[in-house]
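Novice: Quick note on numbering: the numbering used here labels position 218 of the sequence shown as 218, and the sequence is numbered without any gaps.
Keep in mind the hints are simulated off the structure, nothing from the lab.
Ideal placement from N, C-alpha and C gives every residue a C-beta, glycine not left out.
Heads up, a few of these hints could be off.
Below are the SDA-like pairs computed for lysine to any residue, each with C-alpha atoms no more than 20 Å apart in a straight line [claimed, not checked]:
hint, residue 1, residue 2
1, Lys197, Leu161
2, Lys76, Pro172
3, Lys296, Trp268
Distance windows between CB atoms, simulated [unchecked claim]:
hint, residue 1, residue 2, range
4, Phe146, Pro207, 15 to 25 Å
5, Asp194, Glu235, 33 to 43 Å
6, Pro28, Tyr247, 34 to 44 Å
7, His96, Glu195, 24 to 34 Å
8, Gln100, Pro153, 44 to 54 Å
9, Glu25, Asn273, 36 to 46 Å
10, His236, Pro28, 38 to 48 Å
11, Ser4, Pro153, 23 to 33 Å
12, Gly98, Ser150, 16 to 26 Å
13, Ala201, Glu13, 24 to 34 Å
14, Ala201, Glu75, 15 to 25 Å
15, Pro207, Tyr247, 39 to 49 Å
16, Gly125, Glu13, 20 to 30 Å
17, Ala176, Pro28, 23 to 33 Å
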Amino acid sequence: MVDSQQGKVPFREYQTWYRMIGHPEHSPLTPLVVVHGGPGCTHDYIDAFQDLAANGRPVIHYDQLGNGLSTHLPEKGEEFWTIDLFLEELDNLLNHLGIQHRYMLLGQSWGGILSAEHAVRRPTGLKGLVIANSPASMELWLKAAFELRSELPQDVQNTLLAHEQAGTIDSPEYKAASDVFYQRHVCRLQPWPDEVKRTFAAIDDDPTVYHTMNGPTEFHVIGPMKDWTIIDRLEHINVPTLVISGYYDEAKPECVKPYAERIAGAEWEIFPNSSHMPHVEERSDCMTRIERFLEKKGL
């Protein structure tokens with residue numbers, strides 16, 4: 001059994017919760033920091049990536065500010081919740097754990113966006129990158145969402161549109177209609193694993209970050225993230241990179257493709273039976289593919 005420890009890192013006047021499996025000082029393998037999605041999710045739904053610690057690799061999960069076991073700030077508005085805030089928090093975590101000179105990032109969905117934003121700055125300690133199910137721009141994401149939404153049953157589409165126009169997106173009918181999309185393009189397992197349920201329950205309990213930066217759902221993005229893009233900066237990423245996505249992913253191939261095309265030497269794996277969460281939908285195959293990449297790159 002690999003040792004694990006958890007704690008809270010001071011960040012500004014707040015606290016960032018983390019869990020570290022293994023010890024960087026005792027392992028020749030590069031520590032892996034797993035960055036969760038949202039913005040506004042928790043570490044729970046990506047807990048499966050702890051499998052990558054089985055061979056002694058240190059694996060760190062954390063809850064970003066405003067979420068999970070970290071400090072919640074429901075009173076903060078749009079001007080507070082920025083990409084720069086979360087980049088600062090990530091740097092603070094790396095420094096606190098003493099791994100800032102040698103580490104890798106695995107970012108899922110929004111976590112991949114954040115990890116790419118970190119990587120384009122070319123920090124000297126970053127040795128590798130896994131971008132999982134992440135769009136390279138929100139314009140591409142929204143186009144994909146529109147296309148996937150147009151394929152839903154007509155009554156589901158009508159329900160979504162009616163409640164969005166009426167401003168009643170907190171209604172049970174809107175949630176039920178949204179779930180049709182989520183079951184097709186977010187996680188196709190029936191029922192959802194407990195760790196996925198825990199994350200969505202946490203968003204329901206405190207949707208501050210998600211609603212402020214993104215919007216009410218995955219396919220109705222009206223927050224400040226709607227204009228984000230990193231496409232024209234991807235050439236700055238200079239570390240070995242693996243891109244993963246799912247065949248049924250809400251991050252359709254055209255959303256992900258710029259990472260694979262514009263990052264020198266990037267590899268791209270599409271999991272045939274997955275949507276937005278290959279790490280739970282095809283857990284074993286997903287972990288094997290990541291391990292193969294890390295071993296090949298000497299990480």
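Novice: Which constraints among the numbered hints does this structure fail? Numbers only, ascending.
Specialist: Of the numbered hints given earlier, those the structure breaks are 1, 2, 10, 11, 12, 15, 17, listed in rising order.
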